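Engineer: Keeping their order, the protein sequence lines are chains B and D.
Remember, the numbering used here sits 80 above the position in the first sequence when you count from 1.
Remember, the numbering used here sits 153 above the position in the second sequence when you count from 1.
No lab work stands behind these hints: they were computed from the structure.
A quick note: this is a predicted structure, and the numbers were derived from the prediction, not measured.
Where hints are given, some of them may not hold.
Simulated coverage check for chain B against chain D, where a stretch passes if three residues somewhere in it have a Cβ under 8 Å from a Cβ of chain D [unchecked claim]:
(1) 116-125
(2) 128-138
(3) 182-189
(4) 193-203
Cβ atoms here follow ideal geometry from the backbone N, Cα and C, with glycine treated the same way.
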Amino acid sequence: MDMLRRTVLKGAGATGVLAGLLAAGVLKPTLAYANDWNKAAFEAKELDAALKALGAEGAAEHKDLVMKAPEIAENGAVVPIDVSSAIPNTASIAILVLKNPSPLTSVFEFSNGAMADVAVRLKVAQTSVIRAVAKADGKVYSTQKEVKVTVGGCGG
Amino acid sequence: MADPMKIRAQLKGDEAVIRVLMSHPMETGQRKDGDGKTIPAHFIQSITVAVNGKTVVSGQTGGSVSRNPVFGFKLKGAKAGDKVAVSWIDNKGDKRTDETTVA
Chain B
81 MDMLRRTVLK GAGATGVLAG LLAAGVLKPT LAYANDWNKA AFEAKELDAA
131 LKALGAEGAA EHKDLVMKAP EIAENGAVVP IDVSSAIPNT ASIAILVLKN
181 PSPLTSVFEF SNGAMADVAV RLKVAQTSVI RAVAKADGKV YSTQKEVKVT
231 VGGCGG
Chain D
154 MADPMKIRAQ LKGDEAVIRV LMSHPMETGQ RKDGDGKTIP AHFIQSITVA
204 VNGKTVVSGQ TGGSVSRNPV FGFKLKGAKA GDKVAVSWID NKGDKRTDET
254 TVA
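Using the sequences and the hints, build the whole thing.
Structural biologist: In structure tokens:
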């Protein structure tokens, strides 16, 4: 079954061959085009591999990087997450769900007056720590929060 | 062609809050249908928000963003009447751009 999944993933990623080649340079503060898609980071199965592909290893905590997430999510298919950074010159924010099959969910780069503030809705497969990683002035910061997912239960 | 996005750009002081609702299945490629066949991956990979033609946010997304994705962004120094254009491209090469103005 696992093999099948891999084959399918590969097939679906065929358009991303170019992206694979470009992956190393993707997180430079350039515009993201579809063929820039950071395949290595998005398809990484482990947190460390995903962070490495993002060039975001060795993050430090910072009180000005704040994540809002529900403590308990009754529906893991739609979990609202809000990340904002008041760290000066925050260039990008990535959001990872540690226990998802592929932890990286999304990366956002900000420029021309956009505030480093993003709200998304994510799929969370099971109770997991959610981590936000921000880059500012070449340094990497992170914050995290655990979200409990009650699948098909009646909450509480 | 995918359904249009719903975009709202609301001015609060000198900040604009931009909210986007996209219409997209966001299949991860890991789900199976009733016959046990894997449903192929189909998800948005790239989104761009531009204000008056200048890119302000460029994002990459994977299959773990929820179906019919909702995104919220904030923009400093926005004025009423600024043009906000949001675009996405998915892993099959489908794309869509919609516009609104800051109000």
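Engineer: Counting residues of the region 128-138 of chain B with a beta carbon closer than 8 Å to any beta carbon of chain D, are there 3 or more?
Structural biologist: violated (count 0)
Engineer: Using a Cβ cutoff of 8 Å, are there at least 3 residues of the region 182-189 of chain B near chain D, or does the coverage claim fail?
Structural biologist: Held - the region 182-189 of chain B has 7 residues with a Cβ nearer than 8 Å to chain D, which meets the minimum of three.
Engineer: Would you say the region 193-203 of chain B counts as covered by chain D, given the rule of at least 3 residues with C-beta under 8 Å?
Structural biologist: holds (count 10)
Engineer: Please verify the coverage claim for the region 116-125 of chain B: does it have three or more residues whose C-beta sits within 8 Å of some C-beta in chain D?
Structural biologist: Since three or more residues must qualify, the claim that chain D covers the region 116-125 of chain B holds, with 4 doing so at under 8 Å.
Checked against the numbered hints above, the structure violates only hint 2.
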